[in-house]
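Chain by chain, the residues run as shown.
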Amino acid sequence: MSNNPVEKTENFEPKILVFACNWCTYAGADLAGVSRLQYPPNVRVLRVPCSCRVNPQFVVRAFQRGIDGVLVAGCHPGDCHYTTGNYYTRRRFLLMTRMLEYVGIDSGRFQTRWISGSEGPKFQEVVTEMTEIIRQLGPNQKLRDDVTIEMQDFEEEAVNE
Amino acid sequence: MLEMQQEMRKVAKELLESGEATVVIGWEKGALPYQTSPVLIRSAEETEKLVWDEYCQQNLSNYLIDFVYSDEKVAIFAKGCDTRAFNRLVQDKRIKAEQFTVIGVPCPGMKDRKQAAKGVADVPLAKACQECRYPNPVYANRTLGQPVTPRATAPDYSDVEAIEAMSADEKAKFWQEQYSKCIRCYACRNVCPACNCTNCIFDQSKSGWQSKDINASENQFYGITRAFHVAGRCIECGQCDMVCPSDVPIMLMNKKAKKDLDQLFGQYDAGLETESLIPLGRYDVNDPEEFM
Ligand code: SF4
Ligand code: SF4
Ligand code: SF4
Ligand code: FES
Numbered sequence: 001m002s003n004n005p006v007e008k009t010e011n012f013e014p015k016i017l018v019f020a021c022n023w024c025t026y027a028g029a030d031l032a033g034v035s036r037l038q039y040p041p042n043v044r045v046l047r048v049p050c051s052c053r054v055n056p057q058f059v060v061r062a063f064q065r066g067i068d069g070v071l072v073a074g075c076h077p078g079d080c081h082y083t084t085g086n087y088y089t090r091r092r093f094l095l096m097t098r099m100l101e102y103v104g105i106d107s108g109r110f111q112t113r114w115i116s117g118s119e120g121p122k123f124q125e126v127v128t129e130m131t132e133i134i135r136q137l138g139p140n141q142k143l144r145d146d147v148t149i150e151m152q153d154f155e156e157e158a159v160n161e
Numbered sequence: 001m002l003e004m005q006q007e008m009r010k011v012a013k014e015l016l017e018s019g020e021a022t023v024v025i026g027w028e029k030g031a032l033p034y035q036t037s038p039v040l041i042r043s044a045e046e047t048e049k050l051v052w053d054e055y056c057q058q059n060l061s062n063y064l065i066d067f068v069y070s071d072e073k074v075a076i077f078a079k080g081c082d083t084r085a086f087n088r089l090v091q092d093k094r095i096k097a098e099q100f101t102v103i104g105v106p107c108p109g110m111k112d113r114k115q116a117a118k119g120v121a122d123v124p125l126a127k128a129c130q131e132c133r134y135p136n137p138v139y140a141n142r143t144l145g146q147p148v149t150p151r152a153t154a155p156d157y158s159d160v161e162a163i164e165a166m167s168a169d170e171k172a173k174f175w176q177e178q179y180s181k182c183i184r185c186y187a188c189r190n191v192c193p194a195c196n197c198t199n200c201i202f203d204q205s206k207s208g209w210q211s212k213d214i215n216a217s218e219n220q221f222y223g224i225t226r227a228f229h230v231a232g233r234c235i236e237c238g239q240c241d242m243v244c245p246s247d248v249p250i251m252l253m254n255k256k257a258k259k260d261l262d263q264l265f266g267q268y269d270a271g272l273e274t275e276s277l278i279p280l281g282r283y284d285v286n287d288p289e290e291f292m
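Chains A and B supply the protein sequences, listed in that same order.
Every letter in the first sequence is one number past the one before it in the numbering used here, and letter 103, counting from 1, is 103.
Every letter in the second sequence is one number past the one before it in the numbering used here, and letter 262, counting from 1, is 262.
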């Protein structure tokens, strides 16, 4: 045992941050809501004007401050309200996903998806799936500013499983 | 190298005497054998200070930024990497190429001054120099000596691959260990020709981007952010590694970004010319799609 504040416990509820583009994913999430599609209450939706508003540094900062998973979601390529914003999003996060995995963020904790305004069910599906993945992974310990990882923590976990 | 040194002194002298240049940027000898540092020469007599030896690794091009608003006529000696740095600065619109006289010097490879400082008997070439693919100037108003054969033809990513092969937990542990050594002196940023922003995010302490806390988490925020900012702009000169007082393997981050960018969007070596847009500054509708 360590004194980390992020031990995986039975009633662990992941905290997931969703950056949702105002013009599509936010509408999609809204549609999921009015269609009464159930999705986990673990997601915190943060509305942004376009997916390309999401600076990769936001993602690192979220992990630092104790978020367990981050989803960046925007319009499908070709459908961006600002014509080309999400093409830049795509380039940026293709690289950022790899960089984050390179520094040890478990794959699946950071995702980028295209979800349009009519894809309420897709929004439900994506966040449900993501919540499940992160529930399995447990609380994020990497990059957190209140946690110093000790190798033992991982080893113990591996033994317990 | 002595021959080249004579040549450099001669050229500098001519430039200063003819008034073609009022200041020449080159290298001079420091206190210890493995110390060679940048120097500004303003008179013909001073040209005797100029040296060309195996520790001239320091990239001089960044000093040009200080002359952008000056009336001085500046001439600068430049190895392959200095000229790539020069192009980067032009590409970022930090300097205008026409303002400066670039004297290209083909580079035989510089030694690792950190190893030398440790007292290693047979000092190896700096890692960046071992892997260097562009030792000859890629831009110059005139070039001295004969071109040399590049020491490498393809990038060497074996060090990056070793990290990639680790488990997520091992990676996190490795980088936490490395970045807990960082003292956030920002030397790696200051020396870097890709990091030439007038207003760096890390100098804006009131913006809330970066706290002043020195801990592995904040330091990694710095490391990841800087690596991302220089992605596609890094010229692989290895200066950042060389100046880091804590031996943080900074290039290991930069090389990862370069490797992935090349794989995703096609090979792009920064600073070879000044016309193209950097990989993260453009897009292609047919970029790889992983986010459906
Ligand atoms: S030079 Fe080294 S110690 Fe200084 S800020 Fe860069 S990584 Fe940190
Ligand atoms: S990041 Fe390092 S290797 Fe790349 S250009 Fe800057 S100083 Fe040179
Ligand atoms: S760290 Fe980023 S903001 Fe700062 S100088 Fe480098 S590229 Fe510019
Ligand atoms: S407006 Fe939705 S991604 Fe640009």
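Heads up, a few of these hints could be off.
[What the hints assert, rightly or not] Some chain B residues well away from chain A (every beta-carbon gap over 10 angstroms; in silico): (1) A121; (2) I163; (3) A216; (4) A231.
[Stated by the list, open to error] 20 angstroms max Cα-Cα, derived SDA-like pairs, lysine to any residue: (5) B:K10 / B:P38; (6) B:K259 / A:Y88; (7) B:K171 / A:Q64; (8) B:K173 / A:T148; (9) B:K173 / A:D146.
Hints are computed from structural coordinates only; laboratory data are not their basis.
Where is the CB? At the ideal position from N, CA and C, for every residue including glycine.
Hint check results:
Every CB of chain A lies more than 10 angstroms from the CB of B:A121, the least distance being 35 angstroms, so the non-interface label holds. With a closest Cβ-Cβ approach of about 7 angstroms to chain A, B:I163 is found to fall inside the 10 angstroms limit, against its non-interface label. The beta carbon of B:A216 is not kept farther than 10 angstroms from every beta carbon of chain A, the shortest such distance being approximately 7 angstroms. With 10 angstroms as the threshold on Cβ separation, the claim that B:A231 sits away from chain A is violated: the shortest Cβ distance comes to roughly 6 angstroms.
Straight-line distance between C-alpha atoms of B:K10 and B:P38 comes to about 18 angstroms, which keeps the hinted pair within the 20 angstroms bound. Between the alpha carbons of B:K259 and A:Y88 the distance comes to roughly 19 angstroms, so the proposed pair stays at or under 20 angstroms and holds. Between B:K171 and A:Q64, the direct Cα distance comes to roughly 16 angstroms. Compliance with the 20 angstroms bound is thereby established for this hinted pair. Only pairs whose Cα atoms come within 20 angstroms are accepted, and B:K173 paired with A:T148 is accepted, the gap being roughly 9 angstroms.
Pair hint B:K173 plus A:D146 holds up; C-alpha atoms about 15 angstroms apart against a cutoff of 20 angstroms.
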